[in-house]
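Participant: Residue-level listing of the chains:
Number of protein chains: 2
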Amino acid sequence: MASETPQNGAASETASPVVSFVAFKPQLFVEAPKANDAVVFYKNAFAAEEVSRSLNAKRKADQELPLVLSAELKIAGASFLVADTVDDSAKLVKSGGNGVVFCLESENIEAAIAKAVSAGAVAEGEVAECEGACGGGRVGKVTDPYGYVWQFCTPAKKAVGDVEA
Amino acid sequence: MASETPQNGAASETASPVVSFVAFKPQLFVEAPKANDAVVFYKNAFAAEEVSRSLNAKRKADQELPLVLSAELKIAGASFLVADTVDDSAKLVKSGGNGVVFCLESENIEAAIAKAVSAGAVAEGEVAECEGACGGGRVGKVTDPYGYVWQFCTPAKKAVGDVEA
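Residue numbers (full-length UniProt numbering), protein chains in the order written: chain A, 1 to 165; chain B, 1 to 165.
Derived by calculation from the structure, the hints in this document are not laboratory data. What you are looking at is a predicted structure, and each value in this text was computed from that prediction instead of being measured. Backbone N, C-alpha and C fix where the C-beta goes; we use that ideal spot for every residue, glycine too. Incorrect hints may appear among the rest.
[Said to hold, decoys possible] Pulled from the structure, derived: some chain A residues nowhere near chain B, Cβ distances all over 12 Å:
hint: 1; residue: 43
hint: 2; residue: 53
hint: 3; residue: 127
hint: 4; residue: 128
hint: 5; residue: 144
[Claimed, not checked] Facing chain A, a subset of chain B residues (Cβ under 8 Å, in silico):
hint: 6; residue: 23
hint: 7; residue: 75
hint: 8; residue: 100
hint: 9; residue: 130
[Stated by the list, open to error] Taking lysine-lysine and the BS3-like style, the derived pairs with C-alpha atoms no more than 25 Å apart in a straight line are:
hint: 10; chain 1: A; residue 1: 115; chain 2: B; residue 2: 74
hint: 11; chain 1: B; residue 1: 43; chain 2: B; residue 2: 74
hint: 12; chain 1: A; residue 1: 115; chain 2: B; residue 2: 115
hint: 13; chain 1: B; residue 1: 43; chain 2: A; residue 2: 115
hint: 14; chain 1: B; residue 1: 34; chain 2: B; residue 2: 74
hint: 15; chain 1: B; residue 1: 74; chain 2: A; residue 2: 74
Using the sequences plus the hints, can you model the full thing?
Facilitator: Here is the structure:
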């Protein structure tokens with residue numbers, strides 16, 4: 001009698017794309033043009049350390065200072081971002097019902113969104129180039145079932161003077 | 001002629017109390033009793049890792065499961081907390097205008113609050129024992145000039161199975 005090859009327990013599964021994140025950063029939107037004041041406040045109040053800052057190159061004539069697209073601060077080794085609300089971010093913030101967006105940096109934004117959507121999140125718009133959001137580069141977002149907005153972006157490029165975590 | 005003792009440049013300053021933070025964690029409030037669902041979602045959607053969880057011991061008769069006081073999750077080495085809204089947190093969330101509170105862990109809560117207030121924040125209530133908020137223990141909070149709520153608490157006690165950052 002021929003012996004059958006024993007079946008291993010592990011069933012063949014359709015592998016979902018590997019999604020990994022290199023950073024998680026809450027982004028706090030502040031009514032423009034107060035983001036600079038907010039950065040100063042967080043430094044004074046919580047001894048936050050400024051890691052980097054990107055400014056909006058398109059300055060309106062009546063603005064004394066360019067708007068802050070994203071300033072990265074650190075407290076206790078953890079990063080958060082402060083940004084002036086601009087047209088897009090105002091929409092984004094309204095869609096989340098609050099002023100905070102959670103940024104997740106990943107090399108594979110489409111796979112990250114697909115995984116989140118398959119878990120119950122709702123995709124918001126298309127993945128697009130978006131200057132200054134999180135680390136800049138390509139950005140996509142989802143709203144989770146609890147009303148929070150999660151923004152996926154390509155990893156932040158290290159600026160001169162960046163502090164390693 | 002007697003030589004005068006040279007004056008050092010450093011003027012005598014009134015030293016402000018040293019405030020340092022050991023952790024920064026956004027806390028996401030979720031309409032009770034959905035925090036457990038939210039934790040499952042964040043695991044499925046973002047491969048978040050659960051570090052610890054504290055439950056409300058006071059379970060109401062009509063509740064099948066105790067409410068989540070605070071579940072700590074990690075993505076990309078960064079921690080965030082998920083909690084069911086309860087009476088106190090609902091007030092706290094309303095006062096901040098959104099569902100997110102930023103927790104800062106410090107051994108010296110009073111000094112941290114004093115420093116934040118001197119920088120322009122508004123203290124909210126008194127420092128009090130507060131089970132489950134952030135790491136538990138003593139808790140105080142302030143609202144910053146931009147509407148965000150910052151909660152100071154004594155450092156989280158490491159639970160069995162905690163993963164070091």
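Participant: Now look at each hint and say whether the structure bears it out.
Facilitator: Comparing the hints with the structure gives:
With a cut of 12 Å on Cβ distances, residue 43/A falls inside the contact zone with chain B, its closest approach being about 9 Å. Its beta-carbon lying about 17 Å from the closest one in chain B, residue 53/A satisfies the requirement of being farther than 12 Å from that chain. Against the 12 Å criterion, residue 127/A stays outside the reach of chain B, whose nearest CB is about 17 Å from its own CB. At roughly 21 Å from the closest C-beta of chain B, the C-beta of residue 128/A stays outside 12 Å, upholding its exclusion from the interface.
For residue 144/A, the non-interface assignment is contradicted: its Cβ lies about 6 Å from the closest Cβ of chain B, within the 12 Å cut-off. Of the supplied interface hints, the one on residue 23/B holds, with its beta-carbon coming within about 5 Å of a beta-carbon of chain A, less than 8 Å. Given the 8 Å rule on beta carbons, the hint for residue 75/B holds: about 4 Å separates it from the nearest Cβ of chain A. For residue 100/B, the interface hint holds, since its Cβ comes within 8 Å of a Cβ in chain A; the closest pair sits about 4 Å apart.
A distance limit of 8 Å between C-beta atoms decides the matter here; for residue 130/B the minimum to chain A is near 20 Å, and the interface restraint is violated. Only pairs whose Cα atoms come within 25 Å are accepted, and residue 115/A paired with residue 74/B is accepted, the gap being roughly 17 Å. Distance check on the hinted pair: residue 43/B and residue 74/B sit about 9 Å apart at the alpha-carbon level, within 25 Å; holds. Of the pairs offered as hints, the one joining residue 115/A and residue 115/B is violated, with about 42 Å between alpha carbons and a cut-off of 25 Å exceeded.
A threshold of 25 Å between alpha carbons decides the hint, and for residue 43/B with residue 115/A the separation of about 11 Å falls inside it, so the pair holds. Under the criterion of a C-alpha separation no larger than 25 Å, the hint pairing residue 34/B with residue 74/B is consistent with the structure, at around 19 Å. For the hint pairing residue 74/B with residue 74/A, the CA-to-CA distance comes to about 17 Å; that is within 25 Å, so the pair holds.
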